[in-house]
Amino acid sequence: AQKVTQAQTEISVVEKEDVTLDCVYETRDTTYYLFWYKQPPSGELVFLIRRNSFDEQNEISGRYSWNFQKSTSSFNFTITASQVVDSAVYFCALSEVQGAQKLVFGQGTRLTINP
Amino acid sequence: DTGVSQDPRHKITKRGQNVTFRCDPISEHNRLYWYRQTLGQGPEFLTYFQNEAQLEKSRLLSDRFSAERPKGSFSTLEIQRTEQGDSAMYLCASSLDLTSGMFSDTQYFGPGTRLTVL
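Just so you know, the sequences run in chain order U and L.
So for the first sequence, my numbering puts the first residue at 3; every next one is plus one.
So for the second sequence, my numbering puts the first residue at 902; every next one is plus one.
The following block holds chain L by itself, in its conformation from the complex:
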């Protein structure tokens, strides 16, 4: 039974470059969440998917951020024209919703992708 996996684990990039992160949820989980965690803070919600549909986005998710989950399985989070303020840990979580969008099981997290923008 594999957990949530994320790739890469670390990414160092120069300001202005584009980066893409991947998240593979627990196989039967139909919900997938992205969070961002800056140093010394708790994670903050960015967006979530129910299967392939992106149902909610935080105001933290600026126009430079885009997330996809094309087949309802893995998800990608892309940041365009990175800025130093984007440096953070990007966490992915998944959960199982058995009730057609009403109630969901506990969210389980991946190891995160640590982004450093120079």
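Extracted from the complex, chain U is given alone in its bound form:
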């Protein structure tokens, strides 16, 4: 069975600080997808990134970066120079590559950026 663990329930930092959100996953599949979604107070899940298990290159998009380490089954997300607008709940998720490809989500990390 697939499982995603986000051990950090809540994180609070001051604006402009860097912050890393941890994600650890479990799967027996040899290929899979990993995702990060953002859920602002409005409630809609906003897609941030999808990563195929074949591709272990780290990715950077503006202030966001992702560190995928297959050896430790982790897919961590770092926000550099955080801003108040980054305040949201962030979810890490896992899916199979074929079939239903249903998303298995972690419990989420509530990130609060204080001015």
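FYI, nobody ran anything at the bench for these hints, they're computed from the structure.
Here a beta-carbon is modelled for each residue, glycine too, at the ideal position from N, C-alpha and C.
It is possible that some hints are incorrect.
Chain U regions said to be covered by chain L (calculated; three or more residues, Cβ under 8 Å) [as the list claims (entries may be wrong)]:
no., region
1, 38-50
2, 106-117
Capping the alpha-carbon separation at 25 Å, the derived lysine to any residue pairs in SDA-like fashion look like this [unchecked claim]:
no., chain 1, residue 1, chain 2, residue 2
3, L, LYS958, U, TYR34
4, U, LYS40, L, SER996
5, L, LYS958, U, TYR27
6, L, LYS958, U, GLN4
7, L, LYS958, U, PHE49
8, U, LYS40, L, ASP1006
9, U, LYS5, L, MET990
10, L, LYS912, L, GLU984
11, U, LYS5, L, GLY986
12, U, LYS5, L, ARG960
13, L, LYS915, U, GLY45
14, L, LYS958, U, TYR35
15, U, LYS18, U, PHE70
16, U, LYS40, U, ARG112
17, L, LYS958, U, ALA3
18, U, LYS40, L, GLU929
19, U, LYS5, L, TYR1009
20, U, LYS5, L, THR1007
21, L, LYS958, U, THR7
22, L, LYS958, U, GLU46
23, U, LYS72, L, THR1007
24, U, LYS40, L, HIS930
Cβ-Cβ distance ranges computed for the label pairs, FRET-style [unchecked claim]:
no., chain 1, residue 1, chain 2, residue 2, range
25, U, SER73, L, ARG910, 41 to 47 Å
26, L, ARG910, U, LYS72, 37 to 43 Å
27, U, GLN4, L, ASP1006, 16 to 22 Å
28, U, THR33, L, ALA954, 22 to 28 Å
29, L, ARG1015, U, GLU12, 20 to 26 Å
30, U, TYR66, L, ASP1006, 18 to 24 Å
31, L, GLU953, U, GLY101, 15 to 21 Å
32, U, GLN4, L, ARG965, 22 to 28 Å
33, U, PHE49, L, ARG910, 17 to 23 Å
34, U, ASN54, L, GLN981, 36 to 42 Å
35, L, GLU953, U, ASN54, 27 to 33 Å
36, U, GLY101, L, GLY941, 24 to 30 Å
We have chain U; now place chain L onto it with these hints.
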């Protein structure tokens, strides 16, 4: 380019009543998913459609729940005889499968329907 839409956004009902939610996916997307999210938790998969065919249902989807996607476009999720434990956010997502059921693109979510059962 419109995203996934859901209606209503909020629904308050009394225990025992039936409710129906609607989801309109992104227009060219042939896959549609329903998830349920309770307070403080991540979303949990309920069911998914490939065009009009419902191909998988979670054990979370009790007999009181039924979902349809009659023409492969919009979908409805009905809950009969609602219970207080049904109170949750119901999320719809859609994606594009270009490979006849093998691989699918990223799921994009709608704003959700928040159900409160009194």
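Quick rundown of the hints versus the structure:
{"no.": "1", "hint": "38-50", "in the structure": "holds (count 7)"}
{"no.": "2", "hint": "106-117", "in the structure": "holds (count 5)"}
{"no.": "3", "hint": "LYS958(L) x TYR34(U)", "in the structure": "holds (21 Å)"}
{"no.": "4", "hint": "LYS40(U) x SER996(L)", "in the structure": "holds (18 Å)"}
{"no.": "5", "hint": "LYS958(L) x TYR27(U)", "in the structure": "holds (23 Å)"}
{"no.": "6", "hint": "LYS958(L) x GLN4(U)", "in the structure": "holds (17 Å)"}
{"no.": "7", "hint": "LYS958(L) x PHE49(U)", "in the structure": "holds (24 Å)"}
{"no.": "8", "hint": "LYS40(U) x ASP1006(L)", "in the structure": "holds (18 Å)"}
{"no.": "9", "hint": "LYS5(U) x MET990(L)", "in the structure": "holds (21 Å)"}
{"no.": "10", "hint": "LYS912(L) x GLU984(L)", "in the structure": "holds (13 Å)"}
{"no.": "11", "hint": "LYS5(U) x GLY986(L)", "in the structure": "holds (24 Å)"}
{"no.": "12", "hint": "LYS5(U) x ARG960(L)", "in the structure": "holds (17 Å)"}
{"no.": "13", "hint": "LYS915(L) x GLY45(U)", "in the structure": "holds (23 Å)"}
{"no.": "14", "hint": "LYS958(L) x TYR35(U)", "in the structure": "holds (21 Å)"}
{"no.": "15", "hint": "LYS18(U) x PHE70(U)", "in the structure": "holds (24 Å)"}
{"no.": "16", "hint": "LYS40(U) x ARG112(U)", "in the structure": "holds (10 Å)"}
{"no.": "17", "hint": "LYS958(L) x ALA3(U)", "in the structure": "holds (16 Å)"}
{"no.": "18", "hint": "LYS40(U) x GLU929(L)", "in the structure": "holds (24 Å)"}
{"no.": "19", "hint": "LYS5(U) x TYR1009(L)", "in the structure": "holds (21 Å)"}
{"no.": "20", "hint": "LYS5(U) x THR1007(L)", "in the structure": "holds (19 Å)"}
{"no.": "21", "hint": "LYS958(L) x THR7(U)", "in the structure": "holds (23 Å)"}
{"no.": "22", "hint": "LYS958(L) x GLU46(U)", "in the structure": "holds (23 Å)"}
{"no.": "23", "hint": "LYS72(U) x THR1007(L)", "in the structure": "holds (21 Å)"}
{"no.": "24", "hint": "LYS40(U) x HIS930(L)", "in the structure": "holds (21 Å)"}
{"no.": "25", "hint": "SER73(U) x ARG910(L): 41 to 47 Å", "in the structure": "holds (43 Å)"}
{"no.": "26", "hint": "ARG910(L) x LYS72(U): 37 to 43 Å", "in the structure": "holds (40 Å)"}
{"no.": "27", "hint": "GLN4(U) x ASP1006(L): 16 to 22 Å", "in the structure": "holds (20 Å)"}
{"no.": "28", "hint": "THR33(U) x ALA954(L): 22 to 28 Å", "in the structure": "holds (25 Å)"}
{"no.": "29", "hint": "ARG1015(L) x GLU12(U): 20 to 26 Å", "in the structure": "holds (22 Å)"}
{"no.": "30", "hint": "TYR66(U) x ASP1006(L): 18 to 24 Å", "in the structure": "holds (20 Å)"}
{"no.": "31", "hint": "GLU953(L) x GLY101(U): 15 to 21 Å", "in the structure": "holds (18 Å)"}
{"no.": "32", "hint": "GLN4(U) x ARG965(L): 22 to 28 Å", "in the structure": "holds (27 Å)"}
{"no.": "33", "hint": "PHE49(U) x ARG910(L): 17 to 23 Å", "in the structure": "holds (20 Å)"}
{"no.": "34", "hint": "ASN54(U) x GLN981(L): 36 to 42 Å", "in the structure": "holds (40 Å)"}
{"no.": "35", "hint": "GLU953(L) x ASN54(U): 27 to 33 Å", "in the structure": "holds (29 Å)"}
{"no.": "36", "hint": "GLY101(U) x GLY941(L): 24 to 30 Å", "in the structure": "holds (29 Å)"}
Checked against the numbered hints listed earlier, the structure breaks none of them; every hint is satisfied.
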